[in-house]
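Asker: Residues per chain, in single letters:
There are 2 protein chains.
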Amino acid sequence: MAKPKKQPRPKAETPKGFRDYFGAEVTQRTEMLRQIAGVYHRYGFDALESSAVETVEALGKFLPDVDRPNEGVFAWQEGAEEDKGDWLALRYDLTAPLARVYAQHRNDLPTPYRRYAMGPVWRNEKPGPGRYRQFYQCDADTVGSGSMAADAEICAMLADTLEAVGMPRGDYLIRVNNRKVLNGVLEVIGLPEGEDRAAVLRTIDKFDKVGEAGVRELLGKGRLDASGAYIDGVGLAPEQAEPVVQFLLAGKTVDEKLDTLGQKTLGEIDPDDPELHSIISMILASKRGYRAGSGLDVSASNALRNAATLHVLRELVCNSVVGSEGVNELEEIVVLLEAQGYDSSRIVIDPSVVRGLGYYTGPVYEAELTFEIFDEKGRKRQFGSVAGGGRYDDLVKRFTGQAVPATGISIGVDRLLAALREKGRITAHDQGPVVVTVMDRDRMADYQAMVAELRNAGIRAEVYLGNPKNFGNQLKYADRRHSPVAVIEGGDEKERGVVQIKDLILGAQIAESATLEEWKERPSQFEVPRTDLIAKVREILDAQAGGQD
Amino acid sequence: MAKPKKQPRPKAETPKGFRDYFGAEVTQRTEMLRQIAGVYHRYGFDALESSAVETVEALGKFLPDVDRPNEGVFAWQEGAEEDKGDWLALRYDLTAPLARVYAQHRNDLPTPYRRYAMGPVWRNEKPGPGRYRQFYQCDADTVGSGSMAADAEICAMLADTLEAVGMPRGDYLIRVNNRKVLNGVLEVIGLPEGEDRAAVLRTIDKFDKVGEAGVRELLGKGRLDASGAYIDGVGLAPEQAEPVVQFLLAGKTVDEKLDTLGQKTLGEIDPDDPELHSIISMILASKRGYRAGSGLDVSASNALRNAATLHVLRELVCNSVVGSEGVNELEEIVVLLEAQGYDSSRIVIDPSVVRGLGYYTGPVYEAELTFEIFDEKGRKRQFGSVAGGGRYDDLVKRFTGQAVPATGISIGVDRLLAALREKGRITAHDQGPVVVTVMDRDRMADYQAMVAELRNAGIRAEVYLGNPKNFGNQLKYADRRHSPVAVIEGGDEKERGVVQIKDLILGAQIAESATLEEWKERPSQFEVPRTDLIAKVREILDAQAGGQD
Chain R
323 MAKPKKQPRP
333 KAETPKGFRD
343 YFGAEVTQRT
353 EMLRQIAGVY
363 HRYGFDALES
373 SAVETVEALG
383 KFLPDVDRPN
393 EGVFAWQEGA
403 EEDKGDWLAL
413 RYDLTAPLAR
423 VYAQHRNDLP
433 TPYRRYAMGP
443 VWRNEKPGPG
453 RYRQFYQCDA
463 DTVGSGSMAA
473 DAEICAMLAD
483 TLEAVGMPRG
493 DYLIRVNNRK
503 VLNGVLEVIG
513 LPEGEDRAAV
523 LRTIDKFDKV
533 GEAGVRELLG
543 KGRLDASGAY
553 IDGVGLAPEQ
563 AEPVVQFLLA
573 GKTVDEKLDT
583 LGQKTLGEID
593 PDDPELHSII
603 SMILASKRGY
613 RAGSGLDVSA
623 SNALRNAATL
633 HVLRELVCNS
643 VVGSEGVNEL
653 EEIVVLLEAQ
663 GYDSSRIVID
673 PSVVRGLGYY
683 TGPVYEAELT
693 FEIFDEKGRK
703 RQFGSVAGGG
713 RYDDLVKRFT
723 GQAVPATGIS
733 IGVDRLLAAL
743 REKGRITAHD
753 QGPVVVTVMD
763 RDRMADYQAM
773 VAELRNAGIR
783 AEVYLGNPKN
793 FGNQLKYADR
803 RHSPVAVIEG
813 GDEKERGVVQ
823 IKDLILGAQI
833 AESATLEEWK
843 ERPSQFEVPR
853 TDLIAKVREI
863 LDAQAGGQD
Chain W
323 MAKPKKQPRP
333 KAETPKGFRD
343 YFGAEVTQRT
353 EMLRQIAGVY
363 HRYGFDALES
373 SAVETVEALG
383 KFLPDVDRPN
393 EGVFAWQEGA
403 EEDKGDWLAL
413 RYDLTAPLAR
423 VYAQHRNDLP
433 TPYRRYAMGP
443 VWRNEKPGPG
453 RYRQFYQCDA
463 DTVGSGSMAA
473 DAEICAMLAD
483 TLEAVGMPRG
493 DYLIRVNNRK
503 VLNGVLEVIG
513 LPEGEDRAAV
523 LRTIDKFDKV
533 GEAGVRELLG
543 KGRLDASGAY
553 IDGVGLAPEQ
563 AEPVVQFLLA
573 GKTVDEKLDT
583 LGQKTLGEID
593 PDDPELHSII
603 SMILASKRGY
613 RAGSGLDVSA
623 SNALRNAATL
633 HVLRELVCNS
643 VVGSEGVNEL
653 EEIVVLLEAQ
663 GYDSSRIVID
673 PSVVRGLGYY
683 TGPVYEAELT
693 FEIFDEKGRK
703 RQFGSVAGGG
713 RYDDLVKRFT
723 GQAVPATGIS
733 IGVDRLLAAL
743 REKGRITAHD
753 QGPVVVTVMD
763 RDRMADYQAM
773 VAELRNAGIR
783 AEVYLGNPKN
793 FGNQLKYADR
803 RHSPVAVIEG
813 GDEKERGVVQ
823 IKDLILGAQI
833 AESATLEEWK
843 ERPSQFEVPR
853 TDLIAKVREI
863 LDAQAGGQD
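Those sequence lines, one after another, are chains R and W.
Reading the first sequence from the start, the letters are residues 323 to 871 in the numbering used here.
Reading the second sequence from the start, the letters are residues 323 to 871 in the numbering used here.
Be a bit skeptical, because a hint or two may be false.
When chains are identical, the list treats them as one kind, so a pair holds in a single copy or across two.
When the alpha-carbon atoms are kept at most 20 Å apart in a straight line, the in silico SDA-like pairs for lysine to any residue are as follows [claimed, not checked]: (1) K383 / P565; (2) K719 / I832; (3) K528 / P332; (4) K338 / E400; (5) K798 / T433; (6) K791 / G468; (7) K333 / D408; (8) K333 / W409.
Keep in mind that the hints were calculated from the coordinates and are not lab data.
Here the structure is a predicted model, which is why all the values come from computation and not from measurement.
Just chain R, with the same shape it has in the complex:
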């Protein structure tokens, strides 16, 4: 033990950027992860919990925007001063460890290997408000299948997962893109592979912040940002930038055109309308989703949306081989998803999806919550992304030298929990315990027997274990614990074979709002025979639960 006089006391503080989670924060997350695991399991995914500690070598360097020491990870060197060994680090995500696990155990694992993983990851980043250096991820990946069916399955599973945890259909959208399509567009405009392409990717990723005009400027010469600093552009000529912008906006363009069509009957549509031309020709050429004799209703529009976007993308990539491959892959995903009943109202092709991580090689996806919240400045905005992923066909190759295709998703657990709270899907705190108060210190054994009875009946309950002298403190404690009921048995009650049962929820309501007359009619404290303790407590708990509905 520290001797206060000789040695300063340690500070009782989490390290900067770390935090603790209490009560319902923990149980709600556990429950949500259990629901997610249930969906993943039903899809045939197996659990994996890899070591939290990896060699730095095995982790690799795939974190974006890293300019801090240790490359964004928490790392240390094994062994004593005189006998230093490997550098070890805490994992920064669950994907890099999966590549290591698969390479290490591939002979014992099924191929394809579907696995899910959930747990904390650590980033050695500058902490900020709401930005922690330890947070939860919840991943599902399929290793060893290059089939687009694997990507389609991940997207379908993500939609099912969001609904399973309580996010209603219509409040989320899975947005899908393919890295190859942009590469096709860049090939068409004559931009070679390398840094310029990466710069285009980064520019597109800023669309949410800077808008269409901003992206145009940044693809060209550059722009003045809000702080007054001049940001250099990629340096594309306007005729090079234009197809990139069209690519970026393809989803939005299709949405707007379908909206216009939705307001007209088929008879009213001018098939030669230049604005609508490409979409209309596509609709007329396609049989899928088109209902002869009726106007474009919502479900027809949903059925057409992805097909129309594919049509636009196909025109943009012209005859680029990689671009066409990307569009074909997207089409395959769309066809597989529609066969399972997932149309564009749930899973939509959207070229503005980029995903920061460098290792994606094909389809990328993102789950976005579309309902609006107020941000810290009181402005309305969409809740935004809660999950993302994509195909990374080269990660396992780092270890084995052999290409192993893989694709997967990562859910941001804390953001999804925040969204569910926002939607009122989870409550602020756990149900507190019934508190058996201590009126007579010497009869602790009686109170323990009482609480054992309650617990054996499946009721959350505890004896007050603090100093029982001040009865008011016991009730304050019960209040702090969100206790539904307090049980009181003084010497007088004991003698008469009764107990007092106090309905604390009703008591609080009465104290807050009721008039004296109501108070008399609905007492919140009851005297019952000791033998009726369990029955009466249960009755009150049931009534409270009913009142909350």
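Assemble chain W onto chain R, guided by the hints.
Answerer: Chain W alone, transformed into the frame defined by chain R:
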């Protein structure tokens, strides 16, 4: 990506002493922790998940037997080379972080604060067989109550927890001791506080290994151990060592005497038998647990066991103040537990319990599994300890300067899981998914629709996503996945509106044991209309589940 020619490939290996957990290893642990959390919650304990990373300063140095660098923890220094900050470390248990959390948040927490926590902890120790540097703990503690009712509650909860996860009554024993009793005995024999007392504690802790004679030698001059090395003793005179040995054996002595008494009717007992004297006088003086007119039956023996041990201990500590306080505390725990129905067949006083950690100040407890297993050398032995804890009244004081009493338990999650496997309470692997095979690559959408139907019916299912060319590989895959059923739909089946359903469990049984005749009578493959897919699969799954009972 690494370029294999320029840069060596990273090794696909967990760091030494770390491991990965697959499938059922993860889900079974998750399920067990869920059951444990259920019991803890019912007892009124609230969840806490503290940061995995703490400052080295906050963690303190409480690990026993540490002679490695970094004092047994994984630690690193914050910040860049030129701007070094705090030393951080991974937590080595869940108790030291609780003390920090309570000190940091005490104004927002209820007092007493009952909390549970579960998660990995890390030890920078030499790895060995079955000894890992990351493992799970599952703790429950009550901070802010000095009442023995808090300790009694922890013991009762531990018993309930073991039964809730599937350990039958009779296969476990919670053993309780109190540090103060030994201190009382040492006071009586005139041994001052300090290193000698610690040495006695370490010696008693070796009882399991060296036995009674070994302990006697080690308390005295020393002994030759099995390797031929001479181990120095504590140096007590024989008359000093004797009370210590009697203390250590008090539980065992009482057991033996009660066994003897159990074989006699009361009439047959000689009240002057010197061997039995102290126990008999105690029995005759006590009213608790004694049934007049009948012999000592098992339940009477159970009721007497703890009281008799307390009697022996009280004689050993004579008039030592601290010793008497310890015995009184133990008695209080016993009385409270018996009021709740926990007698010595579940929770027993046993002075041989020591618990290595230095910070315990009063009661200590240990959960032991008493059934026998074969060790790695084929010898029978008791399974042993799966949980331990005790009262540590000074840990929070390190931070705040104010004494805050606390007591709690830690369950060794991996050992408890191993015990449940040993008892056949949990199965070797999860139920595998139904595998929809791919006969025709172009009809992937059909197979996806089929699997979506199965999943929507709540059936774990997947489409084979590997290369479908070799059908044998698909069935091998299903086998590796422990799949119960395979679904097959070739072009011919598609045309006829049917599917083939293969019962893989039955198929394996037939292949293993049946004669050709039985094979014909019980086919393991069925052709059913496509519309009956779900019903037939469910029928087979139900039959398999029934067959496993």
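Asker: My question is about K719 and I832: at a cut-off of 20 Å on alpha-carbon distance, are they close within one copy, between copies, both, or neither?
Answerer: Neither way: K719 and I832 sit 67 Å apart in one copy and 41 Å across, limit 20 Å.
Asker: Can you give me the call for K528 and P332, within, between, both or neither, at a CA distance of at most 20 Å?
Answerer: Answer is neither: 44 Å inside a copy and 34 Å across each miss the 20 Å cutoff.
Asker: Regarding K333 and W409, is the shortest C-alpha distance of 20 Å or less found within a copy, between copies, in both, or in neither?
Answerer: between (29 Å within a copy, 13 Å between copies)
Asker: Under a CA distance limit of 20 Å, which applies to K791 and G468: within one copy, between copies, both, or neither?
Answerer: between (70 Å within a copy, 14 Å between copies)
Asker: Pop the pair K383 and P565 into one bin, within, between, both or neither, using alpha-carbon distances up to 20 Å.
Answerer: Neither: 32 Å inside a chain and 63 Å across chains, both beyond 20 Å.
Asker: Within a copy, between copies, both or neither: which one fits K333 and D408 at a CA-CA cutoff of 20 Å?
Answerer: between (31 Å within a copy, 11 Å between copies)
Asker: For K338 vs E400, is the C-alpha pair at or below 20 Å within one copy, between two copies, both, or neither?
Answerer: between (24 Å within a copy, 10 Å between copies)
Asker: Could you figure out if K798 and T433 sit no more than 20 Å apart (CA to CA) within one copy, between two copies, both or neither?
Answerer: For K798 and T433, only the inter-copy Cα distance (10 Å) is at most 20 Å; the intra-copy one is 58 Å.
Consistency with the previously given hints fails for numbers 1, 2, 3, ordered from lowest to highest.
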